[in-house]
Amino acid sequence: MSDAAATTAPIVKPKISRDDWIMRIAMMLIAVYLLVGIAFPLYALLAKSFQNADGQFVGLANYITYLTTPALSWSIGNSFKVTLIATVIVMFIAFIYAYALTRSCMPAKSLFKGIALVPILMPSLLPAISLVFFFGNQGIIKEWLFGAELYGPIGIVMGEVFYVFPHVMTIMLISMSLSDARLYEASEVLGASKIKTFFTVTLPSMRYGLVSAFFVAFTLIITDFGVPKVVGGQYNVLATDVYKQVVGRHDFQMGAVVSMALLIPAAFAFIADRIVQRKQVALLSARAVPFQPKPNPMFDRIMLAFCSLVGFIILSVLAMAAFSSVVKFWPYNLSLTTKHYNFQLMDGGGWDSYFNSIELAAWTAVFGTAIVFFGAFLVEKSRGFQHGRTAMQALCMVPMAVPGLVLGLAYVFFFNHPDNPLGFLYHTMPILVICTITHFYTVAHLSAVTALKQMDPEFEAVSQSLKAPFYKTFWRVTVPVCTPAVLDISMYLFVNAMTTVSAVVFLYSSDTTLASVAVLNMDDAGDQSPAAAMGMMIVCTAAGVRLLHMILTRGIQSRTQAWRKR
Amino acid sequence: MNAGFSKFLKSATFGVAALGLFAATPAKAVDLTVYTAVEADELAGFKKAFESDNPGITINWIRDSTGIVTSKLMAEKDNPQADVVWGLAATSLMLLGNEGYFQGYAPKGLDKIEKKFYDTVNSAPQWVGQRAWIASVCYNTVEGKKNNLPIPTDWKDLTKPVYKGHVIMPNPNSSGTGFLDVSSWIQMMGEDDAWKYMDALHENISRYTHSGSAPCKLAARGETPIGVSFAYRGAKSKSEGAPLEVVAPSPGVGWDLEAFAIVHNTKKLDAAKKLADWSVSEKAMEMYNESYAVVSMVGKSKPVENFPAGIEGKMIQNDFAWAAKNRIRILDEWRKRYDSKSDPK
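First to last, the protein sequences are chains U and Z.
Mapping of the first sequence onto my numbering: position 212 corresponds to residue 212, and the numbering continues sequentially without gaps.
Mapping of the second sequence onto my numbering: position 285 corresponds to residue 285, and the numbering continues sequentially without gaps.
Some clues are possibly wrong.
[Said to hold, decoys possible] Below, simulated DSBU-like cross-link-like pairs (lysine-lysine); rule was C-alpha separation at most 30 Å, straight line:
#1 Z/K108 to Z/K77
#2 Z/K145 to U/K328
#3 Z/K274 to Z/K300
#4 Z/K116 to Z/K268
#5 Z/K238 to U/K142
#6 U/K142 to Z/K196
#7 U/K339 to Z/K238
#8 Z/K325 to Z/K196
#9 Z/K300 to U/K339
#10 U/K328 to Z/K336
#11 Z/K48 to U/K339
#12 Z/K302 to U/K142
#13 Z/K283 to Z/K302
#14 Z/K146 to U/K142
#15 Z/K336 to U/K81
#16 U/K142 to Z/K47
#17 Z/K325 to Z/K48
#18 Z/K164 to U/K81
#19 Z/K108 to Z/K47
#20 U/K328 to Z/K108
#21 Z/K48 to Z/K156
Simulated from the structure, these hints should not be mistaken for lab results.
Make a model of the complete structure from these sequences and hints.
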């Protein structure tokens with residue numbers, strides 16, 4: 001059919017080859033996935049913001065109610081305030097940390113790189129427990145807050161900084177490692193001071209990395225619900241408002257309105273991010289030479305001290321969480337015990353949940369990586385079909401701006417609709433996998449695109465002129481070249497699937513209970529220590545997989561990445 | 001998703017249902033999907049007991065907190081997945097019942113159930129209570145002593161200046177326990193006095209939590225000396241070694257029920273009815289009574305360790321219908337008065 005269509009159409013532009021058709025069909029398949037995974041479900045939920053409780057269209061009535069109810073609209077200001085403060089703080093810390101990793105000759109760099117990623121491995125409950133043990137009313141160092149209260153903006157800012165630090169640090173690291181050594185050489189030859197070089201070469205060259213780190217941090221923080229729920233006290237933010245509307249009052253209409261409010265700043269962030277990213281590409285030259293730092297004892301020592309401090313804080317949060325999992329009864333009986341690790345006695349399915357979580361994480365990693373990477377390849381490397389590609393790129397950006405709670409509920413409305421032919425997926429493992437892939441799609445997609453952008457488009461041009469079909473190029477050239485990125489994406493998906501709660505809480509069934517949900521439920525039932533114990537199991541598993549991943553990357557890198565070395 | 005497809009799906013569903021009817025005649029295993037908010041550590045025991053009494057029926061629990069389960073049920077309204085909802089707040093069941101979610105059924109042995117503990121509005125009750133979930137105050141003896149706080153015995157005590165900044169309660173807009181407190185105060189004191197009371201109480205509250213069990217958990221760990229929560233949570237924490245005193249303040253305490261209901265149009269009606277019958281049996285009541293002091297069967301409630309003494313006598317005359325009707329109005333008023341502050345105190 002496609003061939004017929006191609007031949008009967010009046011040919012003005014170059015004839016669309018068979019290869020192009022396969023590419024377009026492949027792109028359509030990915031697009032269908034994105035439509036089913038994100039666009040349709042979101043529509044099913046967000047449309048409710050224009051309806052009343054009986055499903056009749058009421059225009060903007062809900063929005064007017066929202067804006068005229070001070071208890072609700074106040075949250076917009078609150079959200080922006082804490083999000084901005086936390087974003088600025090985390091940017092500052094992450095910048096110096098990444099700077100130390102790329103521009104100094106301090107020792108143990110790979111160790112510090114590893115420590116910086118620890119927060120990703122922890123289910124959100126663990127840092128929350130740690131914060132309370134440190135700074136709560138019984139906290140061991142609560143004096144450090146000078147009498148201020150943890151529960152409120154202070155707690156939210158501390159928790160969010162910890163939570164987004166690895167994401168921001170990673171982006172900064174990438175953008176700093178892209179600097180061109182030739183510019184530094186030129187600056188040195190021209191006799192510029194260190195400080196002048198920093199402001200005229202370093203900062204401008206990573207301007208775009210900074211902007212994109214800012215927006216990622218901003219979006220992640222403003223949509224996060226875990227931290228404000230535990231340590232937010234009475235300080236209302238948008239994400240907790242969604243919870244109150246949906247879970248407390250069962251008011252889906254108003255919940256949808258608040259979700260829309262949450263989408264708007266996130267959407268702005270992404271549009272700006274896209275504009276900036278586009279310029280970044282043009283800046284990168286294929287002839288750039290990687291920067292090699294030179295030893296400078298004083299500077300290296302300061303950097304080491306800074307990283308040690310940050311690393312120490314991260315590890316103490318982890319250590320406190322580990323402590324909470326073996327303490328008998330905080331704060332009145334501090335003797336130690338391992339009984340909290342006896343999950344079969346606990347609720348939530350105990351070990352079954354744990355293995356279900358591993359299964360979910362494995363499927364998510366395998367299918368997610370395949371879909372995300374192939375999708376990114378098509379968006380980035382295919383020819384023509386510009387509108388389709390732009391639309392797909394936009395779709396890929398949406399998931400990050402959607403709070404998990406909203407995504408999960410949207411899935412219930414969409415997949416459980418009586419007329420949906422996909423209804424059979426409801427309450428199964430596949431729907432959990434689809435939901436989790438979608439939830440974490442954006443960041444994975446962005447990493448894939450970054451990796452693909454580094455590849456010279458000449459490859460495609462050459463293979464095309466040799467009449468090799470694109471899928472052969474993809475399989476024989478693109479995938480091997482991008483192996484490190486592919487492994488990174490699968491790692492990212494695996495770890496997040498292990499720790500995710502907010503979306504899947506509406507979708508699991510009795511055979512697919514999950515460890516991360518069990519952690520939350522145990523804590524809800526007052527079993528804080530067993531919850532922390534299960535949380536630590538998740539951390540250990542994720543860390544184990546990470547270690548495996550490191551060994552694997554090293555082996556593969558030595559075999560496939562030798563060409564990167566000069 | 002056009003009409004034709006809809007029709008096809010409907011006839012397919014009908015076909016499957018018809019098959020189900022035929023298949024039900026011989027003793028074939030039936031899987032009952034049961035949504036519940038009962039604490040997970042109790043569920044395994046209930047499942048085992050029911051299944052051994054009713055061979056051939058298997059319970060598949062889908063458990064989460066009251067708020068999540070209720071939201072999930074509402075979101076599934078057009079295509080319900082549950083066969084039975086079991087151990088969910090009666091207030092939630094009433095909300096869902098108003099949408100036509102349930103079908104009435106009078107389980108065998110209903111005559112032994114206290115009248116105020118099941119739906120008497122409909123001739124065949126849509127929901128039947130299992131056990132009561134009663135408001136209480138958790139008082140941490142260690143922290144209380146440290147701050148020289150007397151044990152509160154009356155709700156009015158909590159407004160005394162000595163308690164300023166030492167009391168935590170759930171936000172009624174996110175927690176059912178929070179709502180039953182507010183609704184009970186209004187029912188006991190009358191609307192005007194209750195709001196005046198809450199105005200005064202608000203001055204002493206250090207913060208409102210999202211979950212109803214949190215205030216007592218926080219009291220158990222000394223994060224606050226006093227948490228307004230419910231008796232079961234307090235008794236459980238105390239048994240685990242928390243230095244708590246669980247108090248049912250005068251003049252009375254609000255309550256809700258863990259109750260069950262059969263979902264309208266379930267394909268497994270017979271099995272669902274069996275679960276309903278079993279749920280009001282003496283055996284089930286005895287199991288409920290292991291952790292909750294007040295069960296719905298007349299004269300069956302035995303005191304449970306660490307529950308406040310005489311708590312059954314303190315339970316107010318709870319008008320569920322009134323509470324359900326005025327819920328949104330009360331929540332809005334509450335939000336306007338106490339949730340509009342941008343900064344914590």
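Hints violated by the structure (listed by number, smallest first) = 6, 9, 10, 12, 16, 17, 20, 21
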